[in-house]
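Novice: Below, each chain spelled out in residue letters.
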Amino acid sequence: MDSATLRQMLYYLKLTREAEWRIENVLYRQGKIVGGVYVGRGQEAIGVGAALAMRPGDVTFPCHRDFSVFVIRGFSLADIFANWLARADSPNRGRDNTLHIGDLKLGIFPIISPLGATLPVACGVALALKQRGKGNVALTHFGEGTTSLGNVHEAMNFAAVRKLPVVFICNNNQYAYSTPTCKQYAVKSLAVRGPAYGMPGESVDGTDVLAVYNAVERAIMRARAGKGPSFLECVTLRMAGHSAHDAAEYVPEELKLAWAKKDPIQRLEKLLLSRKIMTKQQIGELGRQVSHEIDRAIAEAEARPLPRGEEAIEGVYCEPDCWWRKPYP
Amino acid sequence: MALLTYLEAIRQGLWEEMERDPSVFVMGEDIGAYGGAFKVTAGLLEKFGEDRVIDTPICESAIVGAAIGAALMGMRPVVEMQFMDFIASGFDEIVNMAAKLHYRWGPAVPMVIRGPSGAGVHGGPYHSQSNEMWFVHTPGLKVVAPATAYDAKGLIKAAIRDDNPVIFYEHKFLYRRIKEKVSEQDYVVPIGKAVVRRTGTDIAVITYGAMVWTALDAARELEKEGLSLEVVDLRSLLPYDEETVLASARKCSKVILLHEDTRTGGMAGELAALIAEKAFEDLDGPIVRVTAPDTPVPFAPPLEEYFLPNAQRVAEAARKLAAY
Chain A
299 MDSATLRQML
309 YYLKLTREAE
319 WRIENVLYRQ
329 GKIVGGVYVG
339 RGQEAIGVGA
349 ALAMRPGDVT
359 FPCHRDFSVF
369 VIRGFSLADI
379 FANWLARADS
389 PNRGRDNTLH
399 IGDLKLGIFP
409 IISPLGATLP
419 VACGVALALK
429 QRGKGNVALT
439 HFGEGTTSLG
449 NVHEAMNFAA
459 VRKLPVVFIC
469 NNNQYAYSTP
479 TCKQYAVKSL
489 AVRGPAYGMP
499 GESVDGTDVL
509 AVYNAVERAI
519 MRARAGKGPS
529 FLECVTLRMA
539 GHSAHDAAEY
549 VPEELKLAWA
559 KKDPIQRLEK
569 LLLSRKIMTK
579 QQIGELGRQV
589 SHEIDRAIAE
599 AEARPLPRGE
609 EAIEGVYCEP
619 DCWWRKPYP
Chain B
96 MALLTYLEAI
106 RQGLWEEMER
116 DPSVFVMGED
126 IGAYGGAFKV
136 TAGLLEKFGE
146 DRVIDTPICE
156 SAIVGAAIGA
166 ALMGMRPVVE
176 MQFMDFIASG
186 FDEIVNMAAK
196 LHYRWGPAVP
206 MVIRGPSGAG
216 VHGGPYHSQS
226 NEMWFVHTPG
236 LKVVAPATAY
246 DAKGLIKAAI
256 RDDNPVIFYE
266 HKFLYRRIKE
276 KVSEQDYVVP
286 IGKAVVRRTG
296 TDIAVITYGA
306 MVWTALDAAR
316 ELEKEGLSLE
326 VVDLRSLLPY
336 DEETVLASAR
346 KCSKVILLHE
356 DTRTGGMAGE
366 LAALIAEKAF
376 EDLDGPIVRV
386 TAPDTPVPFA
396 PPLEEYFLPN
406 AQRVAEAARK
416 LAAY
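Protein chains in written order, with the numbering used here: chain A, 299 to 627; chain B, 96 to 419.
Keep in mind that the hints were calculated from the coordinates and are not lab data.
It should be emphasised that the depicted structure is a prediction, and the values quoted were computed from it without experimental measurement.
Do not take every clue at face value.
[Unchecked claim] Ranges between beta-carbon positions, derived for each pair:
| id | chain 1 | residue 1 | chain 2 | residue 2 | range |
| --- | --- | --- | --- | --- | --- |
| 1 | B | 319 | A | 550 | 53 to 61 Å |
| 2 | A | 545 | B | 191 | 34 to 42 Å |
| 3 | B | 388 | A | 594 | 31 to 39 Å |
Just so it is clear, CB atoms sit at the ideal spot from N, CA and C, and this is done for glycine as well.
Given the sequences, and given the hints that come with them, work out the whole structure.
Specialist: So, in structure tokens, the structure goes:
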């Protein structure tokens, strides 16, 4: 791994941590963001590792805790904050919240709340990518809770049968809302699900951005080579509540402490320091740079207007002069 | 008589039924130790234990399917959808399995599917839907939607005792916003019976769920102007109470049909057809609908506010209809 990529990884990790902190602990507490607030503290390395392994033309389905993927694939920070703030000039124009955003030009599909529904759609994207024959792949992120749903079974089987170029990435953060893994599935590791459908299954440490990057890259290469899908489990712990109103008291303290020691950002910082790629001072400077970028993006997003009520009925159907085809006035 | 919120009334109904009948059990996502996303089932695990308060993986299809299987074996499962939006993941089991078993084959399927529906809390398109009509259009199911704490308790008990699959629509906006005296006595609110919440003479507003309160607000406002609204709370959508609907329509001769659900294919269309068929001669004006527009439920507060019917819109429609 070259130094530039490692530095880039740290930048995106820090940006994600700080941006989500502002969302959860500043904008939400101030009442500027309303509704559900979900963050991916502790699992930032999964999004960063996976998105950086992608190439132009690949398509991804990041889940609601994969903030970094949106930024890495080209969403502007201001647009992302504007969406959280329900602004009129935002990716969803106020119609849907959180990170339910997508952009086909950037190769990002917007997820829906019942996440199991995402996987069959990723298969359809992969089908089209295969038909186009340019060696592109689809990535889809989902939690370990999602794997209990029927449509996940259908999607994985379909992808394996049709040898579709899909990488199924399970962000296993050990808690689906309050439900621990022992109440979610009865296998030791979800990696066994891969071979059960006829595709490779692998489990990696989801706090190790390099491990995630390498594993995703292997799966992507396999898919590009026409060998079909892979299943990848990235294990971490959700170091936050299910949402901003949830204190996660059901997570044992010792578990939180154990995983706090595996913090993905600290891990990478240690590596960069030990390899003398960055100094402590440079890491501090990077933190300040990230903070300034976020300040600017939030200010820009907050300056945008809220939608007018009557916009609610625009653009329900796609038509030649569709509201959605025009830039926001 | 204890003062209970709508949410507490549902919990008390579940509690009493579980105490009364050992075949009643609850099942769903995060409902045990966590007590449910909205805490409707809080305390049930401690009281009734893990065999009767069952935490499941995220798998609505399996939850509903398992409830059907248990019901066929003589149990009375009550399953929670964390949000009624997610009931879509269990759709096949509900409409093709649960709804048709008895008709095809004879056995009872005594089960309840309950959960929070409705908007007004900035939940966005996936935590706000009023999708009750998916099931009102499925013969074999029963669909109820209480508006008050008293009815919430009485209807959950009636639903549990019913030998058919009942879809129980709670309104999340009402969970902690309304509080009223609820009897600690054992009582049920019969499925299929509407209630007149307010008697009036000029216009009958027929509605259900959270919109009952909207209609009552509008009625209070219009009273000052000398316009008398009658408010009918359907309580049950399938089967619904034709008799009460027709009586109010005939008495007032003018009707407003109000719901939070979107317009096309909504309950209002069904009621309008009924009234046109059976009370046409008694009408003195067009049947008027006040509903959400035909769009998904938007997230941004100004959009959601525009989407939701409110007392002002009901009042405007009533003034216009009164002048007809």
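Novice: Each of the hints needs a verdict: does it hold here or not?
Specialist: Each hint, compared with the structure:
1. In this structure the hint that residue 319/B and residue 550/A lie 53 to 61 Å apart at CB holds, the actual value being about 58 Å.
2. Under the hint 34 to 42 Å, the C-beta atoms of residue 545/A and residue 191/B, about 40 Å apart, fit the expected range.
3. Our hint of 31 to 39 Å for residue 388/B and residue 594/A holds, since their Cβ atoms are close to 37 Å apart.
Going down the numbered hints, you'll see the structure goes against none, and every one checks out.
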